[in-house]
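Enquirer: First to last, the protein sequences are chains A and B.
Per this note's numbering, residue 1 is the first one in the first sequence, and the count goes up by one each step.
Per this note's numbering, residue 1001 is the first one in the second sequence, and the count goes up by one each step.
It is worth saying that the hints were derived from the structure and are not from the lab.
Heads up, the beta-carbon is just placed ideally off N, CA and C, and yes, glycines get one too.
Among these hints, one or two may not hold up.
[Claimed, not checked] Part of the chain B face toward chain A, derived, beta carbon under 7 Å: (1) 1113; (2) 1114; (3) 1124; (4) 1125; (5) 1129; (6) 1188; (7) 1309.
[Unchecked claim] Pulled from the structure, derived: some chain B residues nowhere near chain A, Cβ distances all over 10 Å: (8) 1116; (9) 1121; (10) 1442.
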Amino acid sequence: MSALNIKKGATSHSAYDLRDPHSEAVESHTLAVIVENEPGVLARVIGLFSARGYNIDSLTVAEVDHTGHRSRITIVTSGTPAVIDQVEAQLGRMVSVYDVHDLTAEGPCVQRELALFKVAGKGEHRIEALRLAEIFRAHVVDSTLESFVFEMTGTPEKIDSFAELMRPLGLRELARTGVAALSRGV
Amino acid sequence: MTKAMTGARMVVQALKDQGVDVVFGYPGGAVLPIYDEIFQQNDIRHVLVRHEQGAIHMAEGYARSTGKVGVALVTSGPGATNAVTGLTDALLDSIPIVVLSGQVPTFMIGTDGFQEADTVGITRPCTKHNWLVKDTARLSEVIHQAFHVAKSGRPGPVLVDIPKDVQFATAEYTPAPKARVDHYQPRVKGDIEAITRMVEMLETAERPLFYTGGGVINSGVAASQLLREFVEATGFPITSTLMGLGAYPASGDKWIGMLGMHGLYEANLAMHDCDLMLNIGARFDDRITGRIADFSPRSKKVHVDIDPSSINKVIRVDLGIVGDVGHVLEDALRIWKARGRKVNKDGLAKWWKQINEWRAVKCLSYKPSDKTIKPQYALERLEALTKGMDRYITTEVGQHQMWAAQFLGFDAPNRWMTSGGLGTMGYGLPASIGVQIAHPDALVINVAGEASWLMNMQEMGTAMQFRAPVKQFILNNERLGMVRQWQELLHGERYSSSWSESLPDFVKLAEAFGCKGIKCADPKDLDDAILEMLRYDGPVIFDCLVEKHENCFPMIPSGKPHNEMLLGNAETQGVIKAAGAVLV
């Protein structure tokens, strides 16, 4: 993962050549899949994962090029190196797929997720929740005398940590968008 | 010049522009406008099937025997769901077919209308791609794209779902050259650096082996020619999967027979012991590999495949080359010649000596009988009496299929049509009709088992109606032979539901369809009976009563490596352990 600190284009071969293909260690990879925005395209991608037994840890999708009708699907998946290779190859051969990037293997990337937290409580709990929100740079987007809704953008790990802290303070509901990711640099 | 026309006419026009001469189909409410257009023209012939599954297998037989795209037309709902088995069959065997299905009108989609099914949803996992066309203006372009996708890259089945109002509405026709297909252009040329590495490997290999598959057939006749040239020039032994039979001639002296679960002893042992495996257009199917952990443990493996996802899917290879088999072979041959046509002559001589020792085992031997017809004997006689004829063979699925692959020789590609990946019983009869429609003057034989054959026997009506003189050569053992064999080996000879009970009288059945029935039970009568079948100008149902308990050998029991295969005289009790018993 981040141990694979190689620059894009540094080698003519895939970055996969640099790891042990026989490794049984399960890795988490973030894939960016550029697809034709046509009816059923998400069902195709999800169907591939379920039919072949691959994992989806997170998935986001939205049209990113309105004139070209292209959508970007960001999938966080986990598996052994051999499985990750297969996921990429299986996605790549689909007719609706223009391009697949393994952002984890291709180099450093930025990953962000947006989350909304509904926290209910009174007195000390309420004050503590607000104080922690400030530390985590979460914004209050809704407030009543007994509750807050915090909005936070960050890495999945940051959202996990904040959620853990909010749980004893009255976390009622949590909504997450899933990961959006881009490679660093040009 | 653009022309406005109805969606239904567009369908027919697009098929004509794609060079389609025959469509296999079955009408229904949601495709009536298209059938009306078919009625009013003479360029495209429509073959009326008796069940939509038959239409898809006929299109497959047509496609596989011609190298062209097969076309089927079905109605909405049950018409489309009946096509699912055929689509899955074509997907697993990479057969290019285009299926057009009718759909309820767009304004009724989602209302559970009469004969409505979510056809694109149901067929998404069993097609290479599919489309629901909601706008007549898009229809002709989508049909052209469908043909492009079906035949480009790794071929496969596609489906275009056309709601009835889209068939009635009028729009401008998009001619084939104007259809946008640039977004799907799979790579066909292999990486030259990698091909050069492959050539370097084969120059020094001591025990090289070509392991070829259906990809060579799919790549076209030129690929088979290049393969032959390569094999002859290098002197390497060659084996093939079930799907690749005929790419290299069975009469060629480098041919060491089919490999796999019921492949030849010499082919499987060569796979196990080779030091360089050249996989050309095959996919390391589980029928081929046996136990993965012990698969060809000492070899370097090269894999040429047009589908990047095939490489390293099952077996980790040392060198993967993504590209069309024909292009890669052409480049490899050119590079090998330019580098001086080197091979390891000493190693190769020893290797052939070893292979010939394995050959001497004569793994296809069986105990002959003068009282009952042995299925192997029936196929040996069929082979001898049809040798040299313009012959096409289809099969159903089971023991007879494996015996046919073992005992019939194919000297040309596109002559052997069988359901390899999906193992679809009921494939052979309709496939034989599809082949016969494509090759009206050829001899087309479906080697069948009685149980498989009954699964789609209604298609004899199609054969009669369209004067397709297909020969149905049924090896009748009154058993689901392969199921029975596995029950003998695995389940303590408890033959649960593997008897073909209440079989019809096949001769009377033939008479009921209006064709010829022949029954043969005595080996002494067999030659005359086969000749009678061959001489008859029309469809024949040949009921060949064979030995009921014959097992198909050689066999690699499930969960075993290649070098532990069973020969015909082997002790079979308890050979499959618990770990193997869970495999199919």
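Enquirer: If a hint holds in the structure, say so; if it doesn't, say that too.
Expert: Cross-check of the supplied hints:
Given the 7 Å rule on beta carbons, the hint for residue 1113/B is violated: about 19 Å separates it from the nearest Cβ of chain A. With its C-beta approaching chain A no nearer than about 23 Å, residue 1114/B sits outside the 7 Å limit, and its interface hint is violated. With a cut of 7 Å, the hint placing residue 1124/B at the interface with chain A holds, because the nearest CB-to-CB distance is about 6 Å. Residue-level restraint check for residue 1125/B holds (minimum Cβ-Cβ distance to chain A is 6 Å; threshold 7 Å).
Using the Cβ-Cβ criterion of 7 Å, the hint placing residue 1129/B at the interface with chain A is satisfied: the shortest such distance is roughly 4 Å. Restraint check, residue 1188/B versus chain A: the minimum CB separation of about 14 Å is more than 7 Å; hint violated. Below 7 Å, beta-carbon pairs count as interface contacts, and residue 1309/B has one with chain A at about 4 Å; its hint therefore holds. The Cβ of residue 1116/B sits about 17 Å from the closest Cβ of chain A, beyond the 10 Å cut-off, so the non-interface label holds.
Not every Cβ of chain A is farther than 10 Å from the Cβ of residue 1121/B; the closest lies at roughly 7 Å, contradicting the non-interface assignment. Here residue 1442/B stays apart from chain A, with its beta-carbon at least about 34 Å from theirs, past the 10 Å limit.
When the structure is compared with the earlier hints, violations turn up for hints 1, 2, 6 and 9 and for no others.
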